Amino acid sequence: MQAKGFGVLRPLHGLPFVVGMAVLLGLLPVLHSRGSEPHRMARMAATPPSHIYPKSVEAPIEEITSAPPASPDVHPGAKHPANHSFDGHGKKRKIFPVLDVDYTHVRLPFEIALWILLACLMKLGFHVIPTISGIVPESCLLIVVGLLVGGLIKAVGEDPPILQSNIFFLFLLPPIILDAGYFLPLRQFTENLGTILIFAVVGTLWNAFFVGALLYAVCQIGATGLSHIGLLANLLFGSIISAVDPVAVLAVFEEIHINELLHILVFGESLLNDAVTVVLYHLFDEYATFDKITFTDIILGFLSFFVVSLGGVFVGVVYGIIAAFTSRFTSHIRVIEPLFVFLYSYMAYLSAELFHLSGIMALIAAGVVMRPYVEANISHKSHTTIKYFLKMWSSVSETLIFIFLGVSTVAGQHRWEWTFVISTLIFCLIARVLGVLGLTWFINKFRIVKLTPKDQFIIAYGGLRGAIAFSLGYLIEKKHFDMREMFLTAIITVIFFTVFVQGMTIRPLVDLLAVKKKQETKRSINEEIHTQFLDHLLTGIEDICGHYGHHHWKDKLNRFNKKYIKKCLIAGERSKEPQLIAFYHKMEMKQAIELVESGGMGKIPSAVSTVSMQNINPKTLPVERILPALSKDKEEEIRKILRNNLQKTRQRLRSYNRHTLVADPYEEAWNQMLLRRQKARQLEQKINNYLTVPAHKIDSPTMSRARIGSDPLAYDPKPDSENLPIITIDPASPQSPESADLVSEALKGMSRLPPSPEEDEDEEGLVMRTKEPSSPGTDDVFTPGASDSPSNQRMMRCLSDPGPRPEPEEGEPFIPKGK
Amino acid sequence: MGAESSLPFSAPDMEAITTETGFSQANISRLYQRFQALDKDEKGYLSKNDLQGIGELAVNPIGDRIINAFFQDGRETTDFRTFVHVLAHFRPVEGTVGSENINSRLSKLKFAFQLYDQDKDGKISRAELLQVLRMMIGIQVTDEQLESITDRTIQEADRDGDDAISFEEFSKSVEKLNIEQKMSLRILK
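Sequences listed follow chains A and B, in order.
Residue numbers for the first sequence, in my numbering: 1 to 819.
Residue numbers for the second sequence, in my numbering: 1 to 189.
No lab work stands behind these hints: they were computed from the structure.
Predicted model only: the values in this text are computed from it and were never measured.
Treat each hint with caution, since some may be false.
[Unchecked claim] Here are some of the chain A residues that sit facing chain B, going by a computed Cβ distance under 8 Å:
#1 T104
#2 L108
#3 A213
#4 N444
#5 I448
#6 V449
#7 D482
#8 S524
#9 I529
#10 H530
#11 L534
#12 H536
#13 T539
#14 D543
#15 F560
#16 A582
Virtual Cβ for every residue (Gly too), placed ideally from N, Cα, C.
Input sequences plus hints: build the corresponding full structure.
Put into structure tokens, the structure is as follows:
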């Protein structure tokens with residue numbers, strides 16, 4: 001078994017994993033055999049795998065596994081009477097069962113949970129054992145695992161489950177699409193929208209018809225024995241197989257870190273071609289029953305394309321606006337904010353599917369529309385929650401999809417026709433290449449930055465097919481298309497080929513061709529300013545030329561947005577915050593953290609006692625000198641930065657990368673940063689001020705937390721005035737209790753420092769307030785808060801206090817040279 | 001389209017413009033039509049009022065600066081040649097272009113730099129940057145905030161420590177931006 005093989009490589013690491021896997025895999029078939037004893041309800045709803053799966057949305061979902069009640073129901077009758085106490089008409093008196101097994105009761109959720117657990121363990125395994133995952137993309141490994149599991153189940157004698165189209169479209173696909181849509185890099189997307197649309201619409205149409213027509217031609221060749229397959233059937237097949245799959249593209253492209261332009265082109269195409277696929281599929285499906293198509297049918301089909309795509313977008317926009325509007329009022333119940341985002345998006349998807357509109361486009365539109373407003377309204381913890389939940393769900397979904405693809409391959413009935421399959425494969429590849437070449441030639445006439453042949457190759461090579469094609473194929477009704485098994489076989493072959501061959505080779509090819517990779521650099525404030533400046537400049541020049549171009553409309557939209565929409569959809573003061581300011585704040589905080597880190601983060605002396613912090617006892621000075629001391633200049637820098645007027649800010653997710661959720665390296669360092677700052681400040685205070693500490697009671701950490709935490713103002717989200725913007729900083733999460741203690745101690749110690757005499761600097765400073773450290777908000781920590789309490793003022797002054805005489809030493813540049 | 005007959009240039013002038021700016025004849029005649037449309041009193045040249053009459057420019061934060069870019073050396077009027085000359089900076093770059101071409105990356109950047117550097121001393125001083133930021137961000141932000149942003153910006157970009165951004169520093173700080181794409185208008189191809 002593959003798990004054992006990995007275990008050999010790293011016996012120690014892999015052992016628990018191996019054991020877990022063995023247990024899991026052993027469990028599955030056993031449970032299957034037990035579960036296939038028909039429960040009464042299950043019996044009625046059970047459908048054999050080859051049965052037509054109902055297309056309606058309301059299909060019963062009790063059967064996640066389509067394992068038929070193979071074993072006759074003679075057995076259960078004998079086995080169950082003891083368990084069904086209500087069943088008996090008091091036939092015989094049985095012994096009261098002390099320990100009872102009633103698997104059928106929990107069968108469905110149990111199996112679902114088991115599958116998801118399997119998927120997660122797989123993911124874990126691949127990262128624990130990195131050697132393979134460096135060569136083979138994760139999606140391939142997952143399909144292999146699926147094959148093995150399916151094989152295992154079959155070996156035990158049961159029928160493995162097939163990926164039900166319903167489950168796929170309703171539960172597995174939406175999280176992935178929502179994740180993609182919510183974090184879509186909008187600027188690049190809109191800049192390349194024309195290109196993406198042309199690839200998506202024209203490219204998919206071309207693929208579908210090319211493949212369909214050629215396959216029809218091949219089928220007509222008598223030697224193949226396939227001449228009974230009509231043109232429509234072939235066109236249907238062509239439309240199914242021609243769509244580039246977002247799941248597969250994401251899975252593969254995420255790992256190769258290709259430059260953003262190519263990523264957004266291929267990925268955007270895979271998203272937007274859903275409309276085309278939906279229309280074509282339904283078109284050919286409907287007309288399969290009719291013998292000939294009239295001209296009106298074609299016109300109607302054409303029309304339905306616009307309805308489907310624009311309708312989907314419209315539905316998404318409506319839900320997005322409603323979600324944004326709702327989020328405006330959620331300031332009092334922050335905990336369910338993420339749920340609104342998820343639910344509204346899911347409703348958008350379902351509503352679109354309800355009308356046979358493009359659910360994917362609805363989902364994307366909803367995510368894109370709601371995001372700027374929702375993010376301005378919700379708390380940062382909610383923002384983090386949304387981010388993590390989306391990544392989590394989409395990861396799990398993707399894993400499950402690939403595993404199920406493997407299992408379904410084993411489970412399904414296949415009909416292998418050499419000619420059909422091979423010609424499908426060849427035609428798909430040729431169609432893709434020709435399509436990309438032709439369209440790029442056309443598009444390059446209109447693009448300012450042309451697509452080079454290298455780009456074109458990657459775009460063509462990145463046209464992966466995936467589970468959507470399989471599910472659509474699975475949806476075909478057998479009574480209309482009796483060659484369904486053959487289609488499925490061909491689809492699976494193409495999927496396997498693209499995912500395995502293209503997926504595995506794309507990484508070395510990218511390296512070989514020296515395709516530009518993603519630039520992992522942060523945006524500097526200069527870039528941001530100049531980008532905005534140039535936007536305005538170009539808009540002005542366009543106006544002078546009298547040309548209503550890209551910039552003009554973007555500018556108009558921005559203005560409209562600022563004037564009307566933001567006021568409606570964003571709560572409170574945030575509606576007026578300029579983008580540059582938000583960006584600036586974010587940067588400043590990051591830099592502050594970095595500076596502290598570079599100023600000698602080292603390790604926190606774990607033995608720093610809380611008592612010493614409070615007493616400011618000269619005896620403890622030597623202990624604290626162990627801390628790597630921040631140079632005065634650097635400290636000055638930090639203080640200066642943090643002293644600045646900062647309005648409430650948000651941390652925006654800049655680029656979209658599914659797998660590296662740790663795009664914030666500051667999460668762990670945040671607590672330490674706070675701590676450092678407090679300590680450094682205190683150190684300096686002590687050295688310079690020789691202040692005496694007023695006698696305060698030494699609180700225990702919990703007391704202090706309670707005291708600060710019970711400050712009602714700490715929870716007040718309403719900002720009070722523009723003159724006194726505030727940063728509220730969350731101390732550590734409970735996962736690191738030690739640092740939480742230290743931080744709260746530090747802050748407590750802070751609050752004890754009396755207002756220092758040098759208050760002639762009439763500047764507004766930072767207000768530090770601790771919130772209860774029970775929520776994991778460690779990655780981004782700005783929430784609005786009020787500022788009026790005297791303790792705040794005191795803290796503020798303390799923080800802004802630079803010491804006796806702040807020498808304006810700016811000799812050291814902010815970013816240390818050579819760093 | 002008989003463009004030559006409607007233009008007040010002779011053929012050699014037209015050639016000169018074409019070589020200087022790289023516009024095609026069709027583009028030049030189109031721009032001339034726009035020039036005439038802007039020149040409401042048919043003076044043959046544009047005054048600042050004419051350009052300020054464009055509605056959208058009035059709401060553009062840096063509209064004034066853009067207009068001033070057309071009026072070099074403090075002149076009050078601009079003729080068609082200057083008009084076209086300025087617009088030529090925004091021609092898309094096709095293939096490799098020598099850096100002395102008017103639409104090369106270098107000259108695009110120089111043009112943008114000029115808009116920042118009003119006193120033409122070759123540096124963007126702190127005050128000038130502050131001005132630009134104030135124009136772009138508007139009135140919601142206090143002076144202090146703007147100053148800190150300015151400080152930060154200069155700190156990031158300034159390499160020779162003169163507390164101002166020279167042209168080299170400017171180009172370095174935007175090297176990651178795709179200037180050829182950002183500062184090109186497709187219509188001016």
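Structure-based check of each hint:
1. At about 61 Å, the closest approach between the beta carbon of T104 (chain A) and any beta carbon in chain B exceeds 8 Å, and the interface hint on this residue is violated.
2. Among the interface hints, the one on L108 (chain A) is violated; its C-beta lies about 52 Å from the nearest C-beta in chain B, farther than the 8 Å criterion.
3. Because the beta carbon of A213 (chain A) sits about 36 Å from the nearest beta carbon in chain B, more than 8 Å, this interface hint is broken.
4. Evaluation of the N444 (chain A) hint against chain B yields a violated restraint, the C-beta minimum of about 11 Å exceeding 8 Å.
5. Of the supplied interface hints, the one on I448 (chain A) holds, with its beta-carbon coming within about 5 Å of a beta-carbon of chain B, less than 8 Å.
6. Using the Cβ-Cβ criterion of 8 Å, the hint placing V449 (chain A) at the interface with chain B is satisfied: the shortest such distance is roughly 5 Å.
7. The restraint placing D482 (chain A) at the interface with chain B is violated, with a minimum CB-CB distance near 52 Å, outside the 8 Å limit.
8. Among the interface hints, the one on S524 (chain A) holds; its C-beta lies about 5 Å from the nearest C-beta in chain B, closer than the 8 Å criterion.
9. Among the interface hints, the one on I529 (chain A) holds; its C-beta lies about 6 Å from the nearest C-beta in chain B, closer than the 8 Å criterion.
10. Interface restraint check: H530 (chain A) against chain B, minimum CB-CB distance 5 Å, threshold 8 Å, status holds.
11. For L534 (chain A), the shortest C-beta to C-beta distance to chain B is roughly 5 Å, which falls under 8 Å, so the interface hint holds.
12. With a cut of 8 Å, the hint placing H536 (chain A) at the interface with chain B holds, because the nearest CB-to-CB distance is about 5 Å.
13. For T539 (chain A), the interface hint holds, the least distance from its beta-carbon to any beta-carbon of chain B being 6 Å, beneath 8 Å.
14. About 4 Å separates the beta-carbon of D543 (chain A) from the nearest beta-carbon of chain B, less than 8 Å, and the hint is met.
15. Proximity of F560 (chain A) to chain B is violated relative to the hint, the smallest CB-CB distance being about 12 Å (cut-off 8 Å).
16. Using the Cβ-Cβ criterion of 8 Å, the hint placing A582 (chain A) at the interface with chain B is not satisfied: the shortest such distance is roughly 11 Å.
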